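So the protein sequences, as listed, match chains A and P.
Under the working numbering, the first residue of the first sequence carries the number 1, and numbering increases by one thereafter.
Under the working numbering, the first residue of the second sequence carries the number 1, and numbering increases by one thereafter.
Hints listed in this document are in silico derivations from the structure and should not be mistaken for laboratory results.
Since the structure is predicted, the reported quantities are computational estimates derived from the model, not experimental observations.
It cannot be assumed that every hint is accurate.
Since the list can't tell identical chains apart, any single copy or any two copies may satisfy a pair.
[Unchecked claim] Distance condition first, Cα-Cα at most 27 Å in a straight line; then the derived DSSO-like pairs of lysine-lysine:
| id | residue 1 | residue 2 |
| --- | --- | --- |
| 1 | K52 | K163 |
| 2 | K37 | K71 |
| 3 | K52 | K37 |
| 4 | K176 | K52 |
2 protein chains.
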Amino acid sequence: MITPVAFRQQIREQQFTSSTAGYCQEFVQANLVIVPKQYAFDFFLYTFRNQKACPVIDVLEPGQVESLLAKASDIRTDIPKYHIYEGGTFEKEVESIEAIWEDDFVSFLIGCSFTFESEMIKTNIPLKHIELQKNVAMYQTNIETVAAGPFSGPLVVSMRPIKKELVQLATSITEKYPQMHGGPVHIGDPAQIGISEIEKPDYGEYVEIADDEVPIFWACGVTPQAAAQNAKLPIMITHAPGHMFITDWTNEELLNKDS
Amino acid sequence: MITPVAFRQQIREQQFTSSTAGYCQEFVQANLVIVPKQYAFDFFLYTFRNQKACPVIDVLEPGQVESLLAKASDIRTDIPKYHIYEGGTFEKEVESIEAIWEDDFVSFLIGCSFTFESEMIKTNIPLKHIELQKNVAMYQTNIETVAAGPFSGPLVVSMRPIKKELVQLATSITEKYPQMHGGPVHIGDPAQIGISEIEKPDYGEYVEIADDEVPIFWACGVTPQAAAQNAKLPIMITHAPGHMFITDWTNEELLNKDS
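Bound conformation, chain A alone:
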């Protein structure tokens, strides 16, 4: 099995440029949001006030490129694909951000649901979007996050159809991971959290909910991206959906972290 350090090397050399879903499953993968220093305090506060959607696991100081969670890593090259936003608008997808790196860029690494998904699979809870090799379905809700400075917006959730008899198990497994979005935000009727058309996700791809399944909704790491887009920062960089930063920390190590 490939180690995180060897895998990051492949990514850095652009030999691997796809989704990281399913790779290095024992290790924590992270969402990335980069903002200029000027906005870093407000964004940090936004994540603090909305920890369930934005569980920060590391912050790199202005201009710093190595994460404390990943030895000899370089945040400018070690993600397969990046998205660049200007004035809140998506501009382009790139495989390295070395050319546009600035000394005042602050990188936030945010926990991601791959961690609890790998735990659910180990416990024999089938996850349809993975079986169908689809991106998980994500929705904007009518639940407002707590604003901070220019950052605000709706809570974004991911949805997974789970067999009725496994709902309790899926809930308790994910509750074990507060740093990875934790337990469900909502179980059942999508309308109750403002989702009118479940077949039309705002991000990702829809997977059907069978009669013996219940839709379960979890806070999603796209929430802080959406807030940063709303804030219309002159520049902001994120990972491309599904193309995550892979750390050296096992899921278990992060779970037991005691700082």
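Please build the complex by placing chain P on the supplied structure of chain A, with the hints as guidance.
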């Protein structure tokens, strides 16, 4: 029993200007550190990297004076005594900071050990410094905190002598409160964490350790104050030791908080 809101009113009118130890025991009391906006991101990152010593429970945006944890509160007046530092040096003690308030001041509220102390007392673990009406003894250790920007320094710990047969109980009670410094950093021989003269605390007052007692050391909310002093900020304001900010949140509510 006086409510937090009524007690804050008395403090605001300077009818109460003493230590808040023992008041509103069911409610969370907090340490205060105020820094100018320019340093707020780095200080926030310092607290994030040293969560055991610096468990942030609320952050007020630049110029904001009301905490989300305390309705109609005013951080400029609702603490009995403040300490003002200039260039890292203690300048004076005041009962209000209205006169020197600036629109770029960012206030950090940090969990305090009063919460777990009230829990220990309820469980019949005697706390000698409280019985003797002394300030708890605090020490600089040889454990370095993780630096962030200009903030760095040693971990500061508080010490409480606990009867041998109650050590396990005191440990497990405090572990229940990760947002209030959590479990002990060290149990037993002070020399192992670099404390050479246990009779001479760096802050607070020494209480004797009897033959049937063991010294237990917990991470202490003075740690971030010491780091901010080291950083020699042009201005920084803290509460005076023991003179805390009282929130509307019960200890139980904070324990079960799920953001």
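*asked:* My question is about K52 and K163: at a cut-off of 27 Å on alpha-carbon distance, are they close within one copy, between copies, both, or neither?
replied: within (24 Å within a copy, 39 Å between copies)
*Intra/inter-copy verdict for K52 and K37 if alpha-carbon distance must be at most 27 Å*: Classified as both: same-chain Cα gap 24 Å, cross-chain 26 Å, threshold 27 Å.
*asked:* When Cα atoms must be at most 27 Å apart, do K37 and K71 count as within-copy, between-copy, both, or neither?
replied: within (23 Å within a copy, 31 Å between copies)
*Alpha-carbon proximity context of K176 and K52, limit 27 Å*: Classified as both: same-chain Cα gap 13 Å, cross-chain 20 Å, threshold 27 Å.
Hint violations for this structure: none, all hints satisfied.
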